[in-house]
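> Based on these hints, arrange chain B on the given structure of chain A.
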Amino acid sequence: MSAILTLDNINYGYIDGGYRREILKDLSYQFKEGTFYTILGPSGSGKTTLLSIMAGLDKQESGNIYYDGENIETKGLYDYRRNKVGVVFQSYNLINYLTGLENILLAMTETDNKLPKNHKEVAYALLNLVGIVESKADRIVTRLSGGEQQRIAIARAIASNVDLIFADEPTGNLDTATEQEIIKLFQMLAEKYGKTIIVVTHSNEVSQLSDRRILLRNGILMISHK
Amino acid sequence: MNAFNRAWRYITRKPTKSILLIITFFLIGNLVILGLGISQAADNAKVLTRKQMRAVVSYEIDYDAYWKYINTLTDQDEIDAAYSKSIRIDKDVALKLTEDERVKAFNYMVNSIAYSDGFENVPLGNESNRQNSTYINENGEEVTYKEPNLMIYANMYDNMIELEEGTFEVVEGRFYTQSDIDNANKVVVITKELADQNALRVGDTIRVSTAGDYLINQLKTEGLDTNIAYMDLEICGIYTTLEDVDPNAENFQWMSPYESPKNIILMPMTSYIEYIEQITRVQYDIMMKENPGAETSLDDWLQNLEQPSKVVYLLSDPLEVDSFVEDHQNDVSEFTRLNANNETFKKLARPLDTMSFFANIVVWIVIINAIVIISLVTALTLKTREYEIGVLLSIGVSKIKVILQLFVELILIALLGFTLAVVSGSLMASKVGDMVLDYQTTSDAQYGESEENYYYTFGADYFTQVTQDDLLREYHVSVSPLLIGEIYILGTGVVLIAILIPSIMIMRLNPKQILLEQN
Numbered sequence: 001m002s003a004i005l006t007l008d009n010i011n012y013g014y015i016d017g018g019y020r021r022e023i024l025k026d027l028s029y030q031f032k033e034g035t036f037y038t039i040l041g042p043s044g045s046g047k048t049t050l051l052s053i054m055a056g057l058d059k060q061e062s063g064n065i066y067y068d069g070e071n072i073e074t075k076g077l078y079d080y081r082r083n084k085v086g087v088v089f090q091s092y093n094l095i096n097y098l099t100g101l102e103n104i105l106l107a108m109t110e111t112d113n114k115l116p117k118n119h120k121e122v123a124y125a126l127l128n129l130v131g132i133v134e135s136k137a138d139r140i141v142t143r144l145s146g147g148e149q150q151r152i153a154i155a156r157a158i159a160s161n162v163d164l165i166f167a168d169e170p171t172g173n174l175d176t177a178t179e180q181e182i183i184k185l186f187q188m189l190a191e192k193y194g195k196t197i198i199v200v201t202h203s204n205e206v207s208q209l210s211d212r213r214i215l216l217r218n219g220i221l222m223i224s225h226k
Numbered sequence: 227m228n229a230f231n232r233a234w235r236y237i238t239r240k241p242t243k244s245i246l247l248i249i250t251f252f253l254i255g256n257l258v259i260l261g262l263g264i265s266q267a268a269d270n271a272k273v274l275t276r277k278q279m280r281a282v283v284s285y286e287i288d289y290d291a292y293w294k295y296i297n298t299l300t301d302q303d304e305i306d307a308a309y310s311k312s313i314r315i316d317k318d319v320a321l322k323l324t325e326d327e328r329v330k331a332f333n334y335m336v337n338s339i340a341y342s343d344g345f346e347n348v349p350l351g352n353e354s355n356r357q358n359s360t361y362i363n364e365n366g367e368e369v370t371y372k373e374p375n376l377m378i379y380a381n382m383y384d385n386m387i388e389l390e391e392g393t394f395e396v397v398e399g400r401f402y403t404q405s406d407i408d409n410a411n412k413v414v415v416i417t418k419e420l421a422d423q424n425a426l427r428v429g430d431t432i433r434v435s436t437a438g439d440y441l442i443n444q445l446k447t448e449g450l451d452t453n454i455a456y457m458d459l460e461i462c463g464i465y466t467t468l469e470d471v472d473p474n475a476e477n478f479q480w481m482s483p484y485e486s487p488k489n490i491i492l493m494p495m496t497s498y499i500e501y502i503e504q505i506t507r508v509q510y511d512i513m514m515k516e517n518p519g520a521e522t523s524l525d526d527w528l529q530n531l532e533q534p535s536k537v538v539y540l541l542s543d544p545l546e547v548d549s550f551v552e553d554h555q556n557d558v559s560e561f562t563r564l565n566a567n568n569e570t571f572k573k574l575a576r577p578l579d580t581m582s583f584f585a586n587i588v589v590w591i592v593i594i595n596a597i598v599i600i601s602l603v604t605a606l607t608l609k610t611r612e613y614e615i616g617v618l619l620s621i622g623v624s625k626i627k628v629i630l631q632l633f634v635e636l637i638l639i640a641l642l643g644f645t646l647a648v649v650s651g652s653l654m655a656s657k658v659g660d661m662v663l664d665y666q667t668t669s670d671a672q673y674g675e676s677e678e679n680y681y682y683t684f685g686a687d688y689f690t691q692v693t694q695d696d697l698l699r700e701y702h703v704s705v706s707p708l709l710i711g712e713i714y715i716l717g718t719g720v721v722l723i724a725i726l727i728p729s730i731m732i733m734r735l736n737p738k739q740i741l742l743e744q745n
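Sequence lines, in order, name chains A and B.
Here the numbering used here is used: position 171 in the first sequence is 171, and no number is missing along the way.
When you read off a place in the second sequence, starting at 1, and then add 226, the result is the number in the numbering used here.
If we strip away everything but chain A, and leave its shape as in the complex, we get (with noise of 0.2 Å):
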């Protein structure tokens, strides 16, 4: 399997209180395609700044990120947000007034990424794959439980054909029966799909059920083992 992301040197670090916090230090690693991977650690190890600099949703101080072999920031950070990448989060980050079809149409139109022309029957296809149904696809994600919202944004993330999804604490807002589903989901995607995914967790449950735990322990990857 080839490598889908990789992270060469990256550092990144802020000034806090007059004195400087070093989060991640020289960190390298290659992610592989088709692999479900999760990312443990304590907290303020620097897990979800990792996720947000792989994510494109921040700049690393210093080293690269390539995609697919090609630097993320060459076409810039949206690009690589809106063609490359699907982000989950643990509050799901729906748009809280448009329905789950068309959360999900929302990021089917904002890819450049090609897409079957029937946008609605993809996307409730895609809904249907996570066990949303057609009913509860047209109703306003308020309205809906918190694991089938967290369904509706993996949906999304999935939506814009991309192969890269990122997840942070995906399953912390869920029930333990509800956490079940939702990983059993990501190990769909990577193995049926070829989807890569990259989860950051708490939950040892979680951890035990991806190909790959990556253990970041004050800004250094640790352990990296199947």
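Careful: at least some of the hints might be erroneous.
Claimed, not checked - Think about it this way: if two alpha-carbon atoms lie no more than 20 Å apart in a straight line, the pair counts; the simulated SDA-like pairs of lysine to any residue are: (1) A:Lys59 to B:Lys243; (2) B:Lys627 to A:Asp79; (3) A:Lys120 to B:Ala229; (4) B:Lys627 to A:Lys192; (5) B:Lys627 to A:Asn83; (6) B:Lys738 to A:Leu77; (7) B:Lys625 to A:Thr109; (8) A:Lys120 to B:Trp234; (9) B:Lys738 to A:Asp138; (10) B:Lys243 to A:Thr142; (11) B:Lys240 to A:Asp138; (12) B:Lys240 to A:Thr142; (13) A:Lys192 to A:Gly131; (14) B:Lys738 to A:Gly131.
Unchecked claim - Just a sample of chain A residues kept apart from chain B, beta carbon distances all over 10 Å, derived: (15) Gly18; (16) Glu102; (17) Glu110; (18) Arg217; (19) Leu221.
As the list claims (entries may be wrong) - Just so you have them, the derived chain A footprint on chain B, three or more residues with Cβ under 8 Å: (20) 256-267; (21) 613-625.
Think of the hints as simulated: they come from the structure by calculation, not from any bench.
The beta-carbon is built from N, C-alpha and C at its ideal position, and this holds for glycine as well.
Then chain B, alone, in the frame of chain A:
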């Protein structure tokens, strides 16, 4: 799901904020419609009144400026020099002005009362009421004198304002030509009434004189040929005139026949000047014979014969009168001016101008307030929408598109608010406008200067008489398509400016921070 779709869904699915903004735009729209409606109605009334007026500008001697100048002088020599200074209409300037493409016709004309000889004037209809034309001489004797009964219009050019406007129309023969003018041909154009009165036809000759009994008697006394006091003019054309005396006018019973437009005869100025020079030379000789030491010269007597009291220009468009005066004000010489009778018009229009001025101020205050209010409302609501913006940014929606969505939302809301305002504004505008105007004109009448609101003219009246009532009659506040267009353009402008601060706020947003805070 582009910015327009998202904007529409936000408006319809977050109705509370949308309704509040619609109400804000509705109130703003009403005030702006009222302000602009009142202001526009005032401008329209002025334009419509102007259009009803003749597009006339006169180049004339500015006696006010002349007397003001003399009053500033203290040195007697300077005062004497100023008095002896001959203020004249500059012929070159007068001609230069005719080259302006806005000039349709012009009158470079001298007028003179005259006497018919061998034919009758057209009766005025007041003859039975009038006293005999008599005066008491130095011996206390009542002397009957011959009354002037014709008016000569002697023009330097073969076109007249009256012909161009259709007030005069040549119905038989022709008007005198440039060739007649250049050769000082003794031709005349008379009114149809004058022709009918005397069974005159084109090709006939009439005899006219500007000399009264006194001069004729002088010539006889001096043993001179009295024929020099007469012009024999061949009728080259007969014209009709739309002008007539008003039998209900206060001064009708005192009017002389020469005051009737039916007794105006038109002739080339060169022919008239040739004739009048001849008389003047004779008069000069007689005067010098009687007063051998008189300090005057023949040139002094002749120099002003060709001098019109004013040159009048008819422009193609009444609305171009002001710009014409402005463009050429510097071309005219000292103590002469271009007069469009604007001062009186401005006085008449003062209540409308005052109202328009305050209406415009109100509009600007409302617009500035609208920008501030909508800016603040949008900026405040933006704070509650940071999460949504963060999500949009996280999925790659550009900040420009986020701003576009915000703009579309406001435009749609403004469109709805202003449309409602157009409906209610059109119902209110007329009544409020009339109330304000009523108050304004009443205030002016109570506290304003007691000036006559009429145009007065000197000599031939080329300026249209307009009263304030005429002006106010044209004042109608209504919501015209133009006004509606202005409202929507203004609304778009307000939204564009109001969106600036929120846009700056959006440009500063960082999707990571927003989403981390939320999570």
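> Is the Cα-Cα distance between Lys738 of chain B and Gly131 of chain A 20 Å or less?
29 Å, violated
> Beyond 10 Å on every Cβ pair: is that true for Arg217 of chain A relative to chain B?
Since the minimum Cβ distance to chain B is about 20 Å, Arg217 of chain A lies beyond 10 Å and the statement holds.
> With a C-beta cutoff of 8 Å, work out whether three or more residues of the region 256-267 of chain B approach chain A closely enough for the coverage to hold.
violated (count 0)
> Is Lys240 of chain B within 20 Å of Thr142 of chain A, Cα to Cα?
13 Å, holds
> Would the hint linking Lys627 of chain B and Lys192 of chain A be met if the CA-CA limit is 20 Å?
Measuring from Cα to Cα gives roughly 35 Å; hence the hint is violated.
> Test the statement that Glu110 of chain A is away from the interface with chain B: the closest C-beta pair must be farther apart than 10 Å.
6 Å, violated
> Quick one, are Lys738 of chain B and Leu77 of chain A close enough, alpha carbons at most 20 Å?
12 Å, holds
> With the threshold set at 20 Å, check whether the alpha-carbon distance from Lys240 of chain B to Asp138 of chain A stays at or below it.
17 Å, holds
> Between Lys120 of chain A and Trp234 of chain B, is the straight-line Cα distance small enough, at 20 Å or below?
19 Å, holds
> Given the hint that Lys192 of chain A pairs with Gly131 of chain A, does the C-alpha gap stay at or below 20 Å?
Between Lys192 of chain A and Gly131 of chain A the Cα gap is close to 16 Å, so the pair holds against 20 Å.
> Hey, Lys627 of chain B versus Asn83 of chain A, does the alpha-carbon distance stay inside 20 Å?
16 Å, holds
> Minimum Cβ separation between Gly18 of chain A and chain B greater than 10 Å?
21 Å, holds
When the structure is compared with the earlier hints, violations turn up for hints 1, 4, 9, 14, 16, 17 and 20 and for no others.
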